[in-house]
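Take these sequences, add in the hints, and give me the full structure.
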Amino acid sequence: MKMLSGLRPDGSRSLAFFAVSFCTAFLSFTAPVAAKTLPPAAEFVQRLGDTALMSLTDKHLPRKTREERVRKILEDNFDVKAIGRFAIGPYWRQATGAQRKEYMKYFEDLIVETYTSRFEAYSGQTLKVYGARPSGDTDYIVDSKVLQKTAGPIELQWRVRKEDGGLRIVDVIVAGVSMSFTQRSDFMSVIQNEGGLEGLISSLRKRHEENRG
Amino acid sequence: MRQNIAKTFSVALMFSLVIGVSGCAKTPPVTATYQSQQIADPLEPVNRAVFGFNNVLDEALIEPVAKGYNALLPRFVRDAIRNFMRNLQSPVDVANDLLQGRIKNAGVATARFVINSTVGIAGLIDVATKKGMHYRDEDFGQTLASWGVGNGCYLVLPVLGPSTLRDATGTFVDGYADPFRLWTTNTGREGLYYAREALQGLDTRSRLIKPIDDMRKNSLDYYAAARSAYIQHRNALIRANDPQAAGAAPQGLGSDHP
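Sequence order for the protein chains is A and B. All residue numbers for the first sequence refer to the working numbering, where the first residue is 326 and numbers rise by one. All residue numbers for the second sequence refer to the working numbering, where the first residue is 27 and numbers rise by one.
If you're looking for bench data, these hints aren't it; they were derived computationally from the structure. Where hints are given, some of them may not hold.
What the hints assert, rightly or not - Calculated cross-link-like contacts (lysine-lysine; reagent style BS3-like; alpha-carbon spacing at most 25 Å): (1) K474(A) with K130(B); (2) K470(A) with K156(B); (3) K156(B) with K531(A).
What the hints assert, rightly or not - Which residues of chain A face chain B? A few of them, derived with a C-beta cut under 8 Å, are: (4) I408; (5) T421; (6) V502; (7) D511.
Note that beta-carbon positions come from the ideal geometry of N, C-alpha and C, so glycine has one too.
Right, dumping it as structure tokens:
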């Protein structure tokens, strides 16, 4: 509990850290106290979490505004194209230019609508990032926890990729379950059972229309 | 100190058993790719029908009860109930740790049982976790996996939900060997056993309100999404048992990522 109170994204964390550093320095004299900085990939995810909390959680935000902000944050921080391509696996290569364009549009809309609804239902969760470790040549796995008021923390891992334009998230993993893998299984099943890529696109379109109400 | 005594005790007690088993222990793969997270589903039509039935049952009865449970009881009471039931399940966890040849895990699980049953007031308070001895969810399905037994095929069990041929076998064996079940059935207290099973299910479901709701709403084919999530989660549990694999990046390396 004592720990939790130090984890709010409002600066009380750094204050608590400062207090601890100060005491440590005062008591030991020897150990030089350097502010512990997170690796860049971890810093990136923490910043994203803080930004999202600040700009997306206001209860009175109109749906449209929230949606626009979600889209902006999504496009700035996630490699939506890579995620979308991965979700249809080998079918991306077979798709025509028009199909790709239509698929990507509805795919992004689905994500935007999903996250807009999630932030609409926001109930006090905060994100605490712990660190990052490299995974392969280009990726990092960032470890974090979502702290909730009425239930235990949820472990969340982010796959962050170093790209030309900077860092981009390509996957989110909850309790060992990769969102990208789950989505790909979901989409592949629709492709196989509902008449190919066209079937998936029309399912996505239908969902989009439902979400629009 | 107490932890060390308990550890030594459990190790000495079960050593011979472990020796016999660890010879055939196999290390699960360190990396997981999209392909390795697929499961054969030859019974898909039947599974989908059972899944549909479970869903109707869940929406009509189980989910509302679980929501009521969350709303009615404060978090510390729900946590105490979960702690109590986990503690009751400890012998099964210890046995599986030993069968997997993971002596350290068995020691931790035994120490947890001793400490939580006493200092933790019959298991209601998880004192051991505060002392750095963390709970591990173990079952015979994971043990079979550590022996190199594959999933077999995907199964959806009535009421119980997603499973595999291997995991369903594990569930059956765990239930069969559970000292609590043996005690209740031998003393004519079957009702108590079923009550615990129901409460355990309720506890699990009550902690999955949001993720399940989310998946129902946001997937196009809920059945396929749930199947994938189940297999990935199980694979993660199995990977976590292996100290070498546990430190590896989740979902492995390689180009099989978005």
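(request) Report the numbers of all earlier hints that the structure fails to satisfy, in ascending order. (result) 1, 3, 5
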